[in-house]
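Residues per chain, in single letters:
There are 2 protein chains.
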Amino acid sequence: MQNLKMAIQQMIRLQEKDWNHFSSLCELRTVKKGTFISVPERVPQEVFFIQEGKVRTMVIDLQGNEQTIHFAIENQFIADYSAFMQRTVSHYYLQALTDLNVVLIPRNAIEWGYEQMVDGQKLGRLIAEFYFTYHDNRILNMYVKSAVERYNEMGQLFPGIHQWVPQKMIASYLGITPVHLSRLKKTDR
Amino acid sequence: MQNLKMAIQQMIRLQEKDWNHFSSLCELRTVKKGTFISVPERVPQEVFFIQEGKVRTMVIDLQGNEQTIHFAIENQFIADYSAFMQRTVSHYYLQALTDLNVVLIPRNAIEWGYEQMVDGQKLGRLIAEFYFTYHDNRILNMYVKSAVERYNEMGQLFPGIHQWVPQKMIASYLGITPVHLSRLKKTDR
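Protein chains in written order, with the working numbering: chain A, 2 to 190; chain B, 2 to 190.
Possibly wrong hints are sitting among the right ones.
Just so you know, same-sequence chains aren't split out, so a pair can sit in one copy or run between any two.
Calculated cross-link-like contacts (lysine-lysine; reagent style DSS-like; alpha-carbon spacing at most 30 Å) [unchecked claim]: (1) K6 / K33; (2) K34 / K6; (3) K123 / K18; (4) K146 / K169; (5) K6 / K123.
Hints listed in this document are in silico derivations from the structure and should not be mistaken for laboratory results.
Chain A on its own, in the form it takes in the complex (with noise of 0.2 Å):
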């Protein structure tokens, strides 16, 4: 769980006594490529940190359609983080696109974190400013970028992602059909 101890370590302060507890309250997992991690009409009771692999979020739209919102790649958190905070059941499916390597934080080591840790409560504030960020980016761009912008700010996002994800996902992500998607890419690049 070294990954997860640095990504902590560049947010706070932290304790190796501290780290100890935490740690011994996560699990390592093994998941096989398109397994479902976390699957809607349920409460979230963890937060996943990815150690390898890549992951997606996925909802079924209103037309019965798979809609690609989100992507997580290594040293990042994923979950259905509002579910999770609220105790609400989930919308989302999130799924594996690669063979994954996971650290699952379950709700009792986030809490133990939040009262107990020297800066827990400041982890958890720059962790949710962190994803409020991304996500205040991401509808801000649908208004102010290009679908050319946007696709090439994937590839900072995502490094590699043009290439590990299949394209309908990725146009599903930045909202165009994937013929769309072709043309923007045989074009002003």
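Following the hints, put chain B in place on chain A, whose structure we already have.
For chain B alone, coordinates are given in the frame of chain A:
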């Protein structure tokens, strides 16, 4: 600033001496309808708490049109929170839709709160989580809710909005045309 005090007390334990110092760093402002309380190309140095009135967040899109992205009402915070946190220039206009009474919470008050207030980090976490959840819902709903459902939900989030906001701003928030909106309102609600 009694409403701000109550809003904070709903989230954390607030010590009287902490409130006294924190509130002494804040400023009361009255603002005329139509005024921009924050504009693009400037690093935001404050968060606003709305005591009375309504605000919208607006961007100019690629075609040069105004797009209304968010609203905020009494007892809510409003800011370009991403730009504030990252100390980057804003992309948003924050505009008073009515005459306003706001508390201007400057950066030094917020930083003092994080460092010195009992539960200051927790307060920051809860506020960031609240706005994360709002944004997450906004993205999710574009996929899983019809325009009619999203129209009705706006009325729960922002009571009375359908009376106090021009229809073109509501259409913009919903991501539909004003013509589509007026058709919706005549049909199956």
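We went through each hint and held it up to the structure:
{"no.": "1", "hint": "K6 / K33", "result": "within (24 Å within a copy, 50 Å between copies)"}
{"no.": "2", "hint": "K34 / K6", "result": "within (25 Å within a copy, 49 Å between copies)"}
{"no.": "3", "hint": "K123 / K18", "result": "both (18 Å within a copy, 22 Å between copies)"}
{"no.": "4", "hint": "K146 / K169", "result": "both (20 Å within a copy, 22 Å between copies)"}
{"no.": "5", "hint": "K6 / K123", "result": "both (15 Å within a copy, 21 Å between copies)"}
Figure legend: structure checked against the earlier numbered hints; every hint is met.
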